[in-house]
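Number of protein chains: 2
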Amino acid sequence: MAKKRNIIVGQSGGPTAVINSSLAGVYKNAIERGFDKVYGMLHGIQGLLDEQYIDLSTQIHSELDIELLKRTPSAFLGSCRYKLPEIHEDKAIYEKIFEILNKLDIYAFIYIGGNDSMDTIKKLSDYAILTGQTQKFLGVPKTIDNDLALTDHTPGFGSAAKYIGASTKEVIRDALGLTYKKNMITIMEIMGRNAGWLTGATALAKSEDCDGPDLIYLPEVPFDVDKFLVKVKELLNKKASIVIAVSEGIKLADGRYVCELGSVGDYVDAFGHKQLQGTATYLANFLAAECGCKTRAVELSTLQRSASHMASRVDIDEAFMVGGAAVKAADEGDTGKMVVIDRVSDDPYMAATGIYDVHRIANEEKLVPREWMNKDATNVTKDFVDYIKPLIQGDYQPIMVNGLPRHLVLNIKKTRGSRK
Amino acid sequence: MAKKRNIIVGQSGGPTAVINSSLAGVYKNAIERGFDKVYGMLHGIQGLLDEQYIDLSTQIHSELDIELLKRTPSAFLGSCRYKLPEIHEDKAIYEKIFEILNKLDIYAFIYIGGNDSMDTIKKLSDYAILTGQTQKFLGVPKTIDNDLALTDHTPGFGSAAKYIGASTKEVIRDALGLTYKKNMITIMEIMGRNAGWLTGATALAKSEDCDGPDLIYLPEVPFDVDKFLVKVKELLNKKASIVIAVSEGIKLADGRYVCELGSVGDYVDAFGHKQLQGTATYLANFLAAECGCKTRAVELSTLQRSASHMASRVDIDEAFMVGGAAVKAADEGDTGKMVVIDRVSDDPYMAATGIYDVHRIANEEKLVPREWMNKDATNVTKDFVDYIKPLIQGDYQPIMVNGLPRHLVLNIKKTRGSRK
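Heads up: the sequence lines are chains A and B, in that order.
The C-terminal position of the first sequence is numbered 420 in the UniProt record's numbering, with every residue numbered one higher than the one before it.
The C-terminal position of the second sequence is numbered 420 in the UniProt record's numbering, with every residue numbered one higher than the one before it.
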């Protein structure tokens, strides 16, 4: 009997609206390429270490299930934020992982994630080479933050940008309808700790039927409270409703986060990232006191990464494509690599997959270039908007049941039950 | 030459996703019934007092414009929060309004709004009767809060409920994907100062593919922090991810808002309503300290009332219908009345318009009945959900341009320019 050729796939890091479309792409291509089984790690590498995994054929029973999976936000398999130790620090953990992979006849290990997840792919592929093991390790890019190096953009970003663009239009209209004679300032707080891609995406709202945000502050450039106040006061003389988009991660020149000027407690995740909250609330209170007008804070918060009801068709399709491309690459013998998206042309937009050594990607952060902001860094340029626009095009209508979008959910009991 | 028969229409109070569908209904039915002109007050009665109005034919040029208007959130004409004085307090203001109405040959004055707006209809129709004037005054119900008396429900509520239900499903999935071994508590804060209809709508998320929120707290019942903590601690022993929905307006037994326990500044609007913010943030910080686990606050804030990209077809159609019905009622001689929606049957859902004396509606608040909450008032019942479900059915797809929903916007220059 020939040795089984199985695949195991996991999801890691923050959720996106299309992370499961990549999972669907992995599954579908693996089946088409004749792999025997496709296992899913539950909660990524952390769950795998507890031998928590499922056979995906117990979860996906039809083409309709594939379509539902593509439209289901957040990690279907569960995610984790788990940083592997350096190999020399703790070999036992690597031995345990490879013992499980060998037991399951794993040919390829595919990990859908962002920067930190690519660190996992790097370490596991390094370990396999160091110890002469043959499993392939492939990364599939995923992050709403769009901060991965070498890929033109990341799956998940386009849908978050589309949701943010649409919500910004709605918030601006909401504010316009409410302001008559009296000023009102709305501060929108957008995700993106260090990279301003999503905050810049609020500029998508600018169109024939909308002025877009009046000011946009990205985290790449130090935030100057005094200059900010001058700008806002200038605007207050010109128009009644002012809408300002700020990244959750804007910082003062001295390195303090603006949100630290407020009074919200802090929390540090397993990768040492500070959890941020309250930038918009702080600025809204600050402006209310300084300008004496009504202000309000709108935090898009978790909705911007899980709003599959407003996903971009381009994004869902590309997420599916990179999932499939990872299986293809593994099947052809690649390892220690991440699939990327190469932009072939802007208009008409065309893209293809490529592949890069994960050592060139892991732990790197792609920031918004300074030249894509205006002179005083209070807005983004046309080049920035032209870059994003193709990524938000088209829709996959949610599959509506009883008035709400239907999702595919993990059925663990079924897995552990009678199905073999 | 026969006297002109013109209509003037205004929008007032908080925006909704479908308030403009009612405006479209007024406009279309007025044209069909042969009224000469349809004027729009800019920023409601407050703008009218400044003689700010437009001829709607300068804004709506085609059937496509009507469709765009039906899908445009927030008050197209601009809204206001302006309370008319009692008639005996300030007759001059009434005289001024009627002078403008007479100058414009207004046959009927139609006001799209909530409780406070119906107060305006009541006072103006009373004044007309007192002074022997013949204009008709009709109210069109509008509020996401669903707190108007006598109507089965209010246009705007169904779309907000649909958006809240969909977002709750997405937030719950987001949290599920992130919790492994460690607990996480998500607090969702929903609009509705005194009425819990929207907060209860989070229960729509409960379906074959979602457990729904674990706890739901409406503002109708005093909130007990100690009992709340006991409930949460019980749940933490049973499941990793806990999602709790709270109204922005939940209050302690002593009458203090829960958000007042935090430290956010306050603001009182023209009707003396306290502006609330920070209930979820306060409770998230409180639970983080008490339970020692990760917590997060998600405020749906302004998005829930302006998310026309997730509007309910039933709601858009009914909003259009009540707008038309107000014109019909005026044309048939009614005045001092508000159009209502009567539910004819639940399943299949059927509804028709009715009409009530506005004196029976203005300044009344319809709250969630106690029997539609469970015994300890930590969730809503099946009857509650069955009541809402028909109102969130069906979609009007946004008209997408360049990846984002297109809206119809006011073109004031055109109005003041060459068109007559």
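It should be emphasised that the hints constitute simulated quantities derived from the structure, not laboratory data.
Check each hint, because a few of them may be wrong.
Copies of the same chain look alike in the list, so a pair counts if it works inside one copy or between any two.
[To be verified] 20 Å max Cα-Cα, derived SDA-like pairs, lysine to any residue:
#  : residue 1 : residue 2
1  : Lys28     : Asp211
2  : Lys181    : Tyr82
3  : Lys239    : Ser345
4  : Lys251    : Ile355
5  : Lys28     : Gly333
6  : Lys83     : Lys294
7  : Lys233    : Tyr356
8  : Lys233    : Tyr396
9  : Lys181    : Ile54
10 : Lys239    : Asp50
11 : Lys238    : Asn411
12 : Lys182    : Gln52
13 : Lys239    : Asn411
Going down the list of hints, with the structure as the test:
For a Cα distance limit of 20 Å, the shortest separation of Lys28 from Asp211 qualifies neither inside one copy, at 43 Å, nor across copies, at 28 Å. Taking the closest pair of Cα atoms, Lys181 and Tyr82 come within 20 Å of each other only across two copies (12 Å); inside a single copy the shortest separation is 52 Å, beyond that limit. Taking the closest pair of Cα atoms, Lys239 and Ser345 never come within 20 Å of each other, the shortest separation being 39 Å inside a single copy and 48 Å across copies. For the identical chains of this complex, Lys251 and Ile355 are neighbours neither inside a copy (34 Å) nor across copies (56 Å), given an alpha-carbon limit of 20 Å.
Taking the closest pair of Cα atoms, Lys28 and Gly333 come within 20 Å of each other only inside a single copy of the chain (19 Å); across copies the shortest separation is 65 Å, beyond that limit. In this homomeric assembly, Lys83 and Lys294 come within 20 Å of each other (Cα to Cα) only across copies, at 19 Å, whereas the closest approach inside a single copy is 44 Å. In this homomeric assembly, Lys233 and Tyr356 never come within 20 Å of each other (Cα to Cα): the closest approach is 48 Å inside a single copy and 47 Å across copies. For a Cα distance limit of 20 Å, the shortest separation of Lys233 from Tyr396 qualifies neither inside one copy, at 42 Å, nor across copies, at 40 Å.
In this assembly of identical chains, the alpha carbons of Lys181 and Ile54 lie at most 20 Å apart only when taken from different copies (18 Å versus 61 Å within one copy). When the C-alpha separation of Lys239 and Asp50 is checked against a cutoff of 20 Å, the pair qualifies only between copies, where the shortest distance is 18 Å, while the shortest distance within a copy is 58 Å. Within a single copy, Lys238 and Asn411 get their C-alpha atoms only as close as 56 Å, which misses the 20 Å cut-off; across copies the closest is 18 Å, which meets it. With identical chains, the CA atoms of Lys182 and Gln52 are at most 20 Å apart between copies only, with a shortest distance of 16 Å across copies and 58 Å within one.
Taking CA atoms no more than 20 Å apart as the test, Lys239 paired with Asn411 passes between copies only; the shortest distance there is 16 Å, against 53 Å inside one copy.
In this structure, the earlier hints numbered 1, 3, 4, 7, 8 are contradicted, and the remaining ones agree with it.
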